[in-house]
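There are 2 protein chains.
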Amino acid sequence: MTKQVAIGIDVGGTKIAGAIVDTKGQILSSLRIETPQGTANDVVAALKQTINNLFEVVPETSEVIGIGLAVAGTVNWKEGTVVQSPNLPFSNFKLREIIDSELGLTTFMDNDANLAALAEKYYGVAQSAQDFVGLTLGTGIGSGIFCNGCLYRGATGAAAELGHMVIEATGPQDSCGSYGCLEIMASGRTLVHLAKEKVETNRKSLVLELAQGDPKNITGPLITKAAHQGDKLALDVFNEIGFWLGIGINNIVNIFNPELVVIGGGMAEAGELILAPARKAVSKRALHPNKDIARIVQSDLGNKAGVIGAAALVFDELFV
Amino acid sequence: MTKQVAIGIDVGGTKIAGAIVDTKGQILSSLRIETPQGTANDVVAALKQTINNLFEVVPETSEVIGIGLAVAGTVNWKEGTVVQSPNLPFSNFKLREIIDSELGLTTFMDNDANLAALAEKYYGVAQSAQDFVGLTLGTGIGSGIFCNGCLYRGATGAAAELGHMVIEATGPQDSCGSYGCLEIMASGRTLVHLAKEKVETNRKSLVLELAQGDPKNITGPLITKAAHQGDKLALDVFNEIGFWLGIGINNIVNIFNPELVVIGGGMAEAGELILAPARKAVSKRALHPNKDIARIVQSDLGNKAGVIGAAALVFDELFV
Numbered sequence: 001m002t003k004q005v006a007i008g009i010d011v012g013g014t015k016i017a018g019a020i021v022d023t024k025g026q027i028l029s030s031l032r033i034e035t036p037q038g039t040a041n042d043v044v045a046a047l048k049q050t051i052n053n054l055f056e057v058v059p060e061t062s063e064v065i066g067i068g069l070a071v072a073g074t075v076n077w078k079e080g081t082v083v084q085s086p087n088l089p090f091s092n093f094k095l096r097e098i099i100d101s102e103l104g105l106t107t108f109m110d111n112d113a114n115l116a117a118l119a120e121k122y123y124g125v126a127q128s129a130q131d132f133v134g135l136t137l138g139t140g141i142g143s144g145i146f147c148n149g150c151l152y153r154g155a156t157g158a159a160a161e162l163g164h165m166v167i168e169a170t171g172p173q174d175s176c177g178s179y180g181c182l183e184i185m186a187s188g189r190t191l192v193h194l195a196k197e198k199v200e201t202n203r204k205s206l207v208l209e210l211a212q213g214d215p216k217n218i219t220g221p222l223i224t225k226a227a228h229q230g231d232k233l234a235l236d237v238f239n240e241i242g243f244w245l246g247i248g249i250n251n252i253v254n255i256f257n258p259e260l261v262v263i264g265g266g267m268a269e270a271g272e273l274i275l276a277p278a279r280k281a282v283s284k285r286a287l288h289p290n291k292d293i294a295r296i297v298q299s300d301l302g303n304k305a306g307v308i309g310a311a312a313l314v315f316d317e318l319f320v
Numbered sequence: 001m002t003k004q005v006a007i008g009i010d011v012g013g014t015k016i017a018g019a020i021v022d023t024k025g026q027i028l029s030s031l032r033i034e035t036p037q038g039t040a041n042d043v044v045a046a047l048k049q050t051i052n053n054l055f056e057v058v059p060e061t062s063e064v065i066g067i068g069l070a071v072a073g074t075v076n077w078k079e080g081t082v083v084q085s086p087n088l089p090f091s092n093f094k095l096r097e098i099i100d101s102e103l104g105l106t107t108f109m110d111n112d113a114n115l116a117a118l119a120e121k122y123y124g125v126a127q128s129a130q131d132f133v134g135l136t137l138g139t140g141i142g143s144g145i146f147c148n149g150c151l152y153r154g155a156t157g158a159a160a161e162l163g164h165m166v167i168e169a170t171g172p173q174d175s176c177g178s179y180g181c182l183e184i185m186a187s188g189r190t191l192v193h194l195a196k197e198k199v200e201t202n203r204k205s206l207v208l209e210l211a212q213g214d215p216k217n218i219t220g221p222l223i224t225k226a227a228h229q230g231d232k233l234a235l236d237v238f239n240e241i242g243f244w245l246g247i248g249i250n251n252i253v254n255i256f257n258p259e260l261v262v263i264g265g266g267m268a269e270a271g272e273l274i275l276a277p278a279r280k281a282v283s284k285r286a287l288h289p290n291k292d293i294a295r296i297v298q299s300d301l302g303n304k305a306g307v308i309g310a311a312a313l314v315f316d317e318l319f320v
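First to last, the protein sequences are chains W and D. Numbering-wise, the numbering used here puts 177 at position 177 of the first sequence, and it's gapless, one number per residue. Numbering-wise, the numbering used here puts 295 at position 295 of the second sequence, and it's gapless, one number per residue.
The hints are simulated quantities; they were obtained by calculation from the structure and are not laboratory data. Where hints are given, some of them may not hold.
Copies of one chain are not kept apart here, so a pair can be met inside one copy or by any two copies together.
Below, simulated DMTMM-like cross-link-like pairs (lysine to aspartate or glutamate); rule was C-alpha separation at most 20 Å, straight line [what the hints assert, rightly or not]:
#1 Lys291 to Glu79
#2 Lys280 to Glu240
#3 Lys204 to Asp231
I would like the entire structure built from these sequences, with the hints used as guidance.
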C-alpha cells in the first residue's frame, strides 16, 4: 500500500529547507540550501530545484499528494500571493500558481509562523489544544494563532503579526517603522544588540571573552553559553529580553485566553534563561483566570517546524 | 402569528437596563434602574424584578423565548458563571442557573463587551463582517472579537480583554495591577483625569469655565462640549487619548487583520475628536496590508448595545 506524503518547503531569507513528510509528521528525507540573494525568479528557480531534488528521493512506496510552502513574509493564502517580505524579493508575487502550474502538483502556501503553529497542532505540543498561540523567536518574531481549533488568518491572511504589537509605544524604532513593537523589544536581534551595548561598559564579561574580545563576534548561542556558565552580563541580557517577551505573552494571555503559548524558533533554545523572566512578568501582570489557564511551553520541533508545518498544510487542506 | 422576542438585560455596576427585543433587533419596551450597591442577592433580586417588570409589558402577540444577560465582568459562558467583576458583587457566582431556574425560562449569559460585538454583528455596523473587533470605550475599555464569523471567547470565556493589553509597559499603573494597559492610557476615566490635571496649570480653559470653576465637575461630555467649541485644552486631551487609542487599534489591526474595528460606548460619542488622532496613529504605525483593509467605524447602537446584544445571544444560541 502506498504511503501518502507531502513535500514541505520552508522559504526563508537566508535558507530554503525542504523535506518529504509523512502524515505522522515524520521526515523521510530533507535538504537545505542557501537562498539566492537575487531576483524573485532566482528564488523560484532554487525552489523548483529543491522540490525536484526531493522528488528524486521519494521512496517507491510513497505518493506525493501535494506541496506546501511556508514563506517568511505576509502571505495572502486565499490568493496564493506573497504580499511582501522583509528578506525575500517578493512583492504581490503569485508564487503558489507558479509552483503549482510548473510542477503540476497541488500547492498550498502560508506564512511560516502560521505554519509553525499548524505543525504544533498536528505534531507538536499543541495537539490537544483548541485555543493557543505560537511565537517563533528568531532574528524577528513571528506568530500563529489558533482560535476554536482553526488557524486564524484574518480578512486577507495577514493576521497574527504579534511581533508588531506595540508594548512600549515610546520605545525604540522597529524595522517596520513603528516604535516599541514586541519584535524590537524582545527578538534575537535585540538580544545580540543589547549584549554588544553592555560589553562596551563591562569589558570583563565572559560574553566578550567567548567573542575573543571582539563584540562583532557576539551571537545568540554565544550569549546563551555565557549565561549557562553564570555570566552576569549574559543573564542580565536574558532577564531584560525575557521581561519584554513576558509583556508580549501577557497581552496574548489577556487577549486570547489560550490554553497554551508555544515558544519556538532559534531563541527558544535558550529555554528557561528567557522563559523564567517571561513567566515572572506574566504572573505579575496578567488577569485571572487567564494566567491560571495558559501554560507557557517550549516547542520541541526545533528548526523543523517550518517544513513540517508546510506539509501539515497540505494534509489539512486535502484531508480535513 | 406570534412574534418571537427575547429579554435582554445589561447588568452594569451602576445601572441595570432591560429590554424586550424582537428578532430584527427592535426594542419593543425597555426600562432602567440603578444597580443596588449591596450583596449578590440584592443584585439578583433587582434582576428578577427587572425581568418580571418586562414580562408584564410583553405584547400579547409576542412570545418570550429566552433571557440574555450581558454582565460587566469576566464570564465563563459555558458554565454560566460570573468569575469576577470589578463593579458587581459577584465572584464565581452561578448567575445563569439562578435566573434560569427561578424564572423558568432558558437563560444565556456573556460578558457585556462580547455581547456589544454580537449586537454589531446582528444589527449594527458589522453585519457583513466575518473578522472584526468591537471596542467599548467607557469608564473602562471592554472588547469583543469576531474570528471567522464567530464570537471568540477563548478557553474559558475570558478572552478579548483588550483593555488590559499593555501598550506602554513603563506607563502608569492600571486598576488591574499591571502598567500601561490600553485602559489606563485611553479610557474615559483617564480622559477626565487628564483634563483635571491640565486645568491645574491652565486656568483659562473653557473646560474649567463649563465646570463652573471646580475641576470636580469635569466630565467626559463636558470636555467634548469644550472641544467642539474649539477649546485647546480639551482638544489636546482628546489628541492624547486618541493617540493611545490609536496604538491599541494599531495592535488590533496587526494582530487580527480585521475588516472593521467598531468603536462604541459612551466615549465613542466624541466621534472624530477621538477617532481622528486614533486613525492618524494607526496610519503611521500599522502594517500593510492590514491598515488598508481595516475600517475604523463608530457604532450606531449607542447605550443600547448591551441589551440588544444580550437578546441577540438568545437568538444566536437558539436559532443558529
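The hints, checked one at a time:
1. Lys291 to Glu79: between (37 Å within a copy, 19 Å between copies)
2. Lys280 to Glu240: Answer is within: at 12 Å inside a copy they meet the 20 Å cutoff, but 31 Å across does not.
3. Lys204 to Asp231: within (10 Å within a copy, 57 Å between copies)
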